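Visitor: Sequence order for the protein chains is A and B. Using this note's numbering, read the first sequence as starting at 59 and increasing by one per residue. Using this note's numbering, read the second sequence as starting at 59 and increasing by one per residue.
Read the hints as simulated data drawn from the structure, not as lab findings. No experiment lies behind these values; they were computed from the predicted model shown. Please note: incorrect hints may appear among the correct ones.
It does not matter which identical chain is meant; a pair holds if it fits inside one copy or across any two.
[What the hints assert, rightly or not] Pairs of lysine-lysine residues, derived as BS3-like cross-links and limited to a Cα-Cα distance of at most 30 Å, are as follows: (1) Lys302 with Lys345; (2) Lys302 with Lys317; (3) Lys101 with Lys317; (4) Lys223 with Lys302.
Protein chains: 2
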Amino acid sequence: MTFEISRTVAQVDEALDRLLPPEDTFPAEIHGAMRYSVFAGGKRLRPLLTLSAAEIFGVPQLHAMPAACSLEMVHTYSLIHDDLPALDNDNYRRGRFSNHKVYGEAIAILAGDALLTMAFETLAGEASAYFPAATVVRLMEELSKAAGVGGMIGGQVVDILSEGKQVSAERLDYIHRHKTGALFSCAIRSGAVMGGASLAELRILTSFADKMGLAFQIVDDMLDITGEQALLGKKTGADAERQKATYPALFGLDAAQKKAVDLLFDAEQELEPFGEAAASLYYLAQKLVHRQS
Amino acid sequence: MTFEISRTVAQVDEALDRLLPPEDTFPAEIHGAMRYSVFAGGKRLRPLLTLSAAEIFGVPQLHAMPAACSLEMVHTYSLIHDDLPALDNDNYRRGRFSNHKVYGEAIAILAGDALLTMAFETLAGEASAYFPAATVVRLMEELSKAAGVGGMIGGQVVDILSEGKQVSAERLDYIHRHKTGALFSCAIRSGAVMGGASLAELRILTSFADKMGLAFQIVDDMLDITGEQALLGKKTGADAERQKATYPALFGLDAAQKKAVDLLFDAEQELEPFGEAAASLYYLAQKLVHRQS
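Next comes chain A alone, as it looks inside the complex (with noise of 0.2 Å):
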């Protein structure tokens, strides 16, 4: 492995405080409900999944940062809409209260759409000083189709519109695809942009992302049901007693553990052609489906 987790997680802390705006700017009050968030303890999957598909083709962490780092800001404002009372309306995230908890639904959904919005505006200028034009709105175009209403926020619909309801495995498929494997697909193109991957070397890597992004999201949901509350930092048992679609749920733990594993290995093999550059990104897909939180 190339580079080591926790020290490139600082990194993006870092990079991440350098981009949003001091808690004290006027006004305060929201740039204090979208530091809260980001700075909540998240694992930064996205930006480590960009900066080590990014790493395949040589870009150097600082210039791939800023993009890293738009990642997480829309992650980070889906997971505060997602909270909303309106929604999901969770007290909790990961070990903390949820953003309208502290600063009140007003401000926790105007912080979603100003961190939503900073994204964009940080390709647009800071991912600007490393890249071609082409490339930023390239990084664009992924970013804005990943998040939107053909990606992330067509799952988050269906997910709201699935609950409590006998839910096809199509249908789980669909919102296990957009909710949260599109973001995760954007991760990992968006290195692969930045490296001027070709259209075949994209094509594996999305299919690896398609494939990461399932077994993320299974593992995840099976943490849900038998993860331990103290480590994840969030009530367990939240989809089954909201009655949510999830694969375990749908098929049951073992043979969700089995897909999940199945899934890393078919992913891992994707990845072959790349070799020894593609090391960090191996290391995380391992890192991602056996964890314990």
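Assemble chain B onto chain A, guided by the hints.
Guide: Then chain B, alone, in the frame of chain A:
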């Protein structure tokens, strides 16, 4: 005047109809909600500003249209989120139920998110067909800054935090310049950016936009006091009820009217160097201040 407003509005409507996924696209709920608010009889002021600013520099309307539509998407998202119970709690908008009254809060929040995201997708995708990537990145930078926490969202935050409080003229100015002014200015600047405006030209048009944005907001606030509910399509007197900080509330109706007309005069002076090329923008400015709804 070189373009007829109603015809141009119809062309903006057509373009928006083409850009937004059809209502029956899966998941239909969100596409219905997005379209409900985008096609709610908006005056398309921001697209008109973009198109008429672009016209100064001879940019074909077809080319300027995606950016014009992206402004309307951002404006519409801000209205959907503004109307939410946690924010302004408005049940009506333009004579119809507000988005969350029809689609529920969850879908309304996501429909707003989706429109904001689609604005950037439209620039990355559609505007790229007509302009070099560097211009598209400039457009993204303008839009993300104007819509973000240093622009529109900042204004919304201060507006919310000021409700029911004595507000200084300085704070009121901040709210106006950010909540409405930033996007107004962005609409005009985006037209200029597409036209390859010089820095000096951009500065002139920004000054015009600042004045017009403020004049527009003052007239808006006056209409909330003196306007006819039927013409406006929304309840009047809402600001007073909510003790909102507005120019007429702070300085009285007469002073507000004088201020709006003075601003219009000053703004129009700015356009002189452009001569006949700015006829549409000049005409639009007149219409914005001397309106009844």
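Visitor: Look at each hint and say if it fits the structure.
Guide: Against the structure, the hints come out as follows:
When the C-alpha separation of Lys302 and Lys345 is checked against a cutoff of 30 Å, the pair qualifies only within one copy, where the shortest distance is 25 Å, while the shortest distance between copies is 52 Å. Taking CA atoms no more than 30 Å apart as the test, Lys302 paired with Lys317 passes inside one copy only; the shortest distance there is 19 Å, against 56 Å between copies. Taking the closest pair of Cα atoms, Lys101 and Lys317 come within 30 Å of each other only inside a single copy of the chain (23 Å); across copies the shortest separation is 52 Å, beyond that limit. For a Cα distance limit of 30 Å, the shortest separation of Lys223 from Lys302 inside one copy, 8 Å, qualifies, whereas the shortest one across copies, 43 Å, does not.
Hint compliance for this structure: no hint is broken.
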